[in-house]
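Colleague: If you read the sequences in order, they're chains V and L. So that you can map any letter, position 69 of the first sequence is 98 in our numbering, and since no number is skipped, the others follow by simple counting. So that you can map any letter, position 108 of the second sequence is 191 in our numbering, and since no number is skipped, the others follow by simple counting.
Source of the hints: derived by calculation from the structure; they are not laboratory data. Please note that a few of the clues may not be correct.
Unchecked claim - Residues on chain V that point at chain L, a partial pick, calculated with CB under 7 Å:
#, residue
1, I79
2, G81
3, Q86
4, E90
5, P95
6, K96
7, R146
8, G238
9, G241
10, T245
Said to hold, decoys possible - Sample of chain L residues lacking proximity to chain V, with all beta carbon distances greater than 10 Å (derived):
#, residue
11, R232
12, A260
13, R337
14, M387
Positions of the beta carbon are idealized from the N, C-alpha and C atoms, including for glycine.
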Amino acid sequence: MNVLFRSKPEPGSSIQVKAAIADCDIHPARKTSDELYPYLAKRWHSHLQIYGKHPYQGMMEGPPYPKAQPNASRRDAYPPDGGPQGSSLSFMQQQHLDPNNVALGVLCPLNTGQGIRNQDLSAALASAINDWQIAEWTSKDKRLKGSVVVANEDGPAAAAEIRKRAGDKNFVQVLLLSRNVEPLGQRRYWPIYEAAEEAGLPIGVHAFGFGGNPITASGWPS
Amino acid sequence: MTAPIAGGVDCDLHPAVPHLTSLLPYLNDYWRDQVTTRGMTDLVSQSYPTNSPISSRPDWRPTNGKPGSSLADMKAQALDPFGVSYGICNPLFGVQMVFSEDMADAFCRALNDWLAKEWLDKDIRLRGSIVIPAQSVEKSVAEIERCARDRRFVQVLMLVMGDMPLGKRAYWPIYAAAERLGLPIGIHAGSNYHNPPTSVGWGSYHIEDYVAQAQAFQTQLTSLIVEGVFARHPNLKMVMLESGFTWLPAFLWRLHKFWRGIRMETPWVDRAPMEIVRSNIRFSLQPIDAPPDPETLNRVLDHMQSDELLLFSTDYPHWQFDGDAVLPEGISPDLVRKIMIDNPHATYSRLTQPVHETNPPKLDWSQEEKTP
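Extracted from the complex, chain V is given alone in its bound form (with noise of 0.2 Å):
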C-alpha cells in the first residue's frame, strides 16, 4: 500500500528503457450500479431493483466476508474524479498502464453475472459486461483485451456466449471463478471447454466466486 508511482525512472538510475509488460490480471469496475443497464434488457432493470443479483449467498449487497479494505482495492487507486477502485480508464492508464509499460493488459471483470442462481439473469449480465468490457475498455484502448464472461452454472448458455464472442479480437480468453456449484471437472462445464477450445480462447480461473458450498472442507470460517 502506499506505493509512490512513478511516470519515469528515478534519477541517476541506470535502467533508461522498461520492457514492456503484459499484466494478465486487471480488474475493471462500473461506476456506479447501473453502468450494466443500456446493455440489459429492459426486464432485467426491474428484476434487479427488486430482487438484486440473488446469488448463491445471503447478502443482497457486499460479501459475505468483509474485505479488509473497501472492494479489496488499495486505497490510493479510487479515482479522483470519483467512483470506486478501476472504474476509470484514464485513472488506470495514469497510474497502470502509462508508468508500468504494460503493452498487453487482460481484464478480468469480477461482481458480474456469475454464482447467480437464475440462469437466466446470469447469461443477461455475462454478455452484459461483454459489450460493455468493448464499448468501454478495449475499444478506447488497443492495449487492453477482455476477458468472455459466462453464465458459469448453465453449460450450453455459456457455450452460445463464446460462440458468439469467437473471432472477436477484443476478446483474448474465457472467465470462470474458482467457486462455483461443482468442480469445475465436472462434465456439466465441458460445454464451455468445449466452445472456447473451438474458438481458441484459453480459460481464466480467477479466485473467488460462490458456489453455495461451504469454503473450505470442514465448513464455513470465521
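Let chain V serve as the given structure and place chain L on it in line with the hints.
Modeller: Chain L only, in chain V's frame:
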C-alpha cells in the same frame, strides 16, 4: 370482515435498521473502525430484498428508506389502527449472515441496544426480541443474560434456517437461559444462507426461498421435538414467526404416526408430538395460507385441536393482507379474543410483569473486551 378488538398483542413487527452505519453509535471503537475502514456495506438479507413486494405493503412503503424504518409510520399504520396494547419488535437486520462470531456478536449487541433506545424508549407499547449471534452459543447466552435485565425484552429471536438443526444439543444452553429468564424462543422465517435454503439445494428464484420457509419450520419442529428439547425444558415456549400454520395438521399427523412407529429410537420423547406442540409451540397468525372461505379455514383450525396455538400478528410491514383484513373471515369472537389477547399473554410471561423503565441497563464498555 372480522374486526380486531382493543388491547391485543401484535407478536410480529419488523422495525428496520436504516443502514449499517445507524449502528455505529452502538459499537465500540474497534468495531466502529472495522465498519468504516473495511468499507462494509449494509446487511440486507436476500430473505427480504428491500424492494420485493413481500417486504412491504405498497401503502406502507415509505417514499424514502427501508419499509419499517420509521416509528411514526409503524404507529400510524399498525399500532394505532389495530388498537394493540403491545407490539413485539423482531428486527430482521442481516446480522446472522456474517461468518465471524465476534463480528456477529458486536452487531447483535449494537442491534439490541439500538432497538431499546430508538424504539422501546419511544413508545411504551413496544417490546423487543433479543437477537443473538447463534453461531456462538456462549456469546448468545451472554447476550440473552445482558439484555434480559431490561424487562422490555420478552423473547429471544433466532432464524429458522441457520447453521445446524435447532434441536442439536449444542444449542441447549441457549434454551436453558431462555427458560430460566422467562423468555420464549421466537423462530422467524429467514436464512443466514450458510446452507442452501432448501433441503435439495439452491433454487433459482426468490419465491422458492420464501415458500421453502414452511418446510424449514417443519424440519426444525421435528428436530426440536425428537432431540428432546421439551423433555429437558418443559416450561420453554417456542413461537414460530411468519411460519404459516395451515400445514400443521398434516405435518403433525406424519410426525405423530412415525413417532408411534419408531419411537424406540428417541426414547426421551416422553409425550406425543401433538401434545408437545399444544403445550410448548405457538404460531404467529400471518401469513394465513388458506382459501378465503371461512368454512375451510375453520376446518383447518379444528384439525389443529387447540385454540391456544395462534398469536395475533400483522407481520408489519410485510405484505400479507390488504386494508384492515388482518383477521380471517368467519372466526368466532371467542377465538379472536384468544388469538389477540389470551394466547400472547400466556406465551410472553413478561408482558404481565412490571417493567422497570427508569433504570434500563446500560452497556458498560469498561467491562467489555477491547478487541473482539
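Colleague: Holds or violated: the hint that V:T245 contacts chain L, with Cβ atoms closer than 7 Å.
Modeller: 11 Å, violated
Colleague: Against chain V, does L:R232 keep a CB gap of more than 10 Å to every residue?
Modeller: Fine: 29 Å to the nearest Cβ keeps L:R232 off the interface.
Colleague: With 7 Å as the cut and Cβ atoms as the points, is V:G238 at the interface with chain L?
Modeller: Result: violated, 14 Å to nearest chain L Cβ.
Colleague: Does V:P95 hold up as a contact with chain L if the rule is Cβ-Cβ below 7 Å?
Modeller: Result: holds, 5 Å to nearest chain L Cβ.
Colleague: A closest beta-carbon separation below 7 Å is what the hint needs, so does V:G81 meet it against chain L?
Modeller: Constraint on V:G81 satisfied, holds at 5 Å.
Colleague: Quick check on the hint: V:K96 CB to chain L CB, less than 7 Å?
Modeller: 6 Å, holds
Colleague: Going by Cβ atoms, does L:M387 stay more than 10 Å from chain V at every point?
Modeller: For L:M387, whose nearest Cβ neighbour in chain V is about 32 Å away, the distance exceeds 10 Å, so it holds.
Colleague: Could you check if V:R146 really has its C-beta closer than 7 Å to a C-beta on chain L?
Modeller: Holds - the Cβ of V:R146 comes within 7 Å of chain L, reaching about 5 Å at its closest.
Colleague: Mind checking the CB of V:E90 against every CB in chain L and telling me if the closest is under 7 Å?
Modeller: 5 Å, holds
Colleague: With 10 Å as the threshold, tell me whether L:R337 passes as away from chain V on beta-carbon distances.
Modeller: The claim holds: L:R337 sits with its nearest Cβ about 29 Å from chain V, beyond 10 Å.
Colleague: Is the nearest Cβ of chain V still more than 10 Å from the Cβ of L:A260?
Modeller: Consistent with the label, L:A260 stays out of reach of chain V, its closest Cβ about 23 Å off (over 10 Å).
Colleague: Close enough to count: is the Cβ of V:Q86 nearer than 7 Å to one in chain L?
Modeller: 5 Å, holds
Checked against the numbered hints listed earlier, the structure breaks hints 8, 10; every other hint is satisfied.
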